[in-house]
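Visitor: Chain residues, written in single-letter form:
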Amino acid sequence: MVGALWYNGPMKAAVEIAGLSMAYGDRVLFSGISATLRSGTCTVVAGPNGAGKSTILRIVCGLQRPTAGAVKFRLDDNREEDPRNFRRRMLGYAGPDFSPYTELSGVENILFAARIRGMKLGSPKDLLKRVGLKPSRMDEPVGTYSSGMKQRVRLAMSILGDPPLLVWDEPTAMLDSAGRCVVETVLNDHLSRGGTLLIATNDAAEVDRWAHQKIEFARE
Amino acid sequence: MPRRWTGGLIKKLNSPGSSDDALGDAQRQDTNDGFPDTVSSWCSCAVAVFANDIRSELRTRYAFGTVALFAITTIVMVSVALSTAAPKPDVSAAMLWVVLLFAALSGLARVFVREEEMGTANGLRLGAPPSAVFAGKLLFNLILVLAVEIISVPLFLGFLPVKIWNISLFTGVLIVGAAALASSSTFVAALIAQASSGKAALFTVVAFPVLMPLLFLCVQATNGALSQVASYQARGVSNLGMIGIYAVVMTTASFLLFEYVWND
Amino acid sequence: MIKFAKIALLVLLCATTAAGFLWLPPAAGPFRNQDLARIVVFHVPCAIVASVASAVASFFAIKYLWLRRSGDDVRSKVSFSLALLFWILTTATGAMFAKVQWGQFWSWDIKQTSILAMLMIDVAYFALRAVIDNPSKQAAAAAAYSIFAMITVPLLTYIFPNSTPNTLHPKQTKLDEQYSLILWTGAFGLTCVYFWMYQVHVAVEELSRRAAALRQTGKEPPPWFVTEVSPSS
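Going line by line, the protein sequences match chains H, A and P.
Numbering (my numbering) for the first sequence: 1 to 220.
Numbering (my numbering) for the second sequence: 1001 to 1264.
Numbering (my numbering) for the third sequence: 2001 to 2233.
Each hint should be verified, as a subset may be incorrect.
To be verified - The following label-pair restraints were derived from C-beta to C-beta distances:
no.	chain 1	residue 1	chain 2	residue 2	range
1	H	Met-174	P	Pro-2223	28 to 38 Å
2	P	Pro-2135	A	Ile-1164	21 to 31 Å
3	A	Gln-1228	H	Asp-139	56 to 66 Å
Said to hold, decoys possible - Some chain H residues close to chain A (C-beta under 7 Å, calculated; not the full set):
no.	residue
4	Leu-63
5	Arg-65
6	Leu-75
7	Asp-76
8	Tyr-93
9	Asp-97
10	Phe-98
11	Ser-99
12	Tyr-101
13	Phe-112
14	Ala-113
15	Arg-115
16	Arg-117
17	Gly-118
Since the hints were derived computationally from the structure, they do not count as laboratory data.
Even for Gly, the Cβ is constructed at its ideal location relative to N, Cα and C.
Start from the sequences and build out the full structure, keeping to the hints where you can.
Guide: What follows is the structure, given as structure tokens:
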């Protein structure tokens, strides 16, 4: 049983990626990637290191500008939403290039993330409990956390407000088996409510277990 | 019925509010299409960014500490060097502003550089409107510059033989000059934060050409405040007006340009 | 046709320079060295060209931020480097005259100060470009900085002179016909030189980017596939 949604809006979101290309100066990373992420599905980007998995995720999140191509977001599978509005309120991102503030506690990080999005958060501790963070550590600075605990905080920040689209870059990195269970639980939960997932991972077992659709870079 | 924002900054951020839902997920905000995009939400976002920086600062004492020490050391250095010289008001005014500029420049880049280096900048990029981020950082830098001035100016007045003939002009220049300094420097800090190395040294180099007119005006205006000559004071007042123009123009330009630099 | 124009330009510039040294009479007016005062026909064209180059660079900077085309970034960068060259020439010719006329190379005249500001902006622009590695971030930051910094220049040249009424640069001068002729011909010629250099540099820069791309074609990006599967959980 999960909590109520914070916005009175639709839960289903689909993402259309069309002709996405990325080139750094002259080195072409990938070109012409097109796919549709339908609501209620999990799309996994797989491939060797350096192929550009994280880059695709960052482009979808708006953290990086592609050399060519576009990303469109649709609500209820037909109404197109302004990307900036969607990314701010309906997208949750967890990845290695995004860290919580080390001098703030886990709770304070969650509250800050809610505050900048204009959300009023009832109980951040419950959100952290959902990702399996030990209650005794929730009020201590994130700088004292282990890397696994930091990853849990990242995941908690990504599911803040139950966004319809979750974008996760290596979600089980640095997590123990209990952490991986948490990831699976949240993932299945999200999918069962019609949410959409975009995940990048190196782990072949995870790809098999989770993916409804694979964007795969072939090995060279 | 939409919930209203309550006031309070750090208190609110520290204490969880009431909860309707047992599992405590975020509450419903507004009843239109669900996305409150009002001026008040922009303001509270900017205030949240500002309060966050202040709170980090109070815990680590990084920026205020180094900047204050730098300012104190430099003023003592300058005073020792000038101790036998009995400088005239124009030299003292120049020294004051050079010290203020260097002290401020040593700490003004922190707001953006630290976010990029600690990996927290993307959180702001994802969740907050860029102009609100800039507003919050600008406010923090303004407080920083004012704090440096509060520490430096009394020391300066104590060590060097200056007499303030026009106190309102003197304080006016300090306040408006602080605003102008903060706005230009915050924008340049956003630029320099994208660099991969050598940020601290480069910040001064890149910021100074923009601050050159400001330095010139502030020194001349302060000189007017420190001198008895009426025409110098009048010129100082007109300089103060121009500092104000500079502050307004640079702040507007920074807000307009920031988004192009912040988002890739 | 172009070749003829280039040769004509060369002849024009040689003629203008020669005329400036040989034909132009010594300047009438309160000059310490009336022969040296003729440097104005070199100083002013350099300043004009440098201003044009800076304006072109700012235009392309704005265009880049708007459309994000790398060609605009190349043009902005090239124009800035040429502007730097011509501002240095302007300062040098001005300083030579200043030393003789007013006794010191630099007097903090408002025009001198604003040119110094331009020089520093230009140098800082390239310093900023040098430290940012990511090409799109480098271009965006450089373009934004150039626009931001350029705003201070009109502030310096037009608004601030009201605060310092005594300026060394003459506000209104009447130029004799001969001076006008040489000066404006020189300005025209030098502007043509600027555009020529600009085009060459832009072409070189774009060719070098394309050459680097050609060098990379051996390595194609790995193919990608989108497949529908069903999860095994």
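Visitor: What hints, given by number in increasing order, does this structure fail?
Guide: 2, 6, 7
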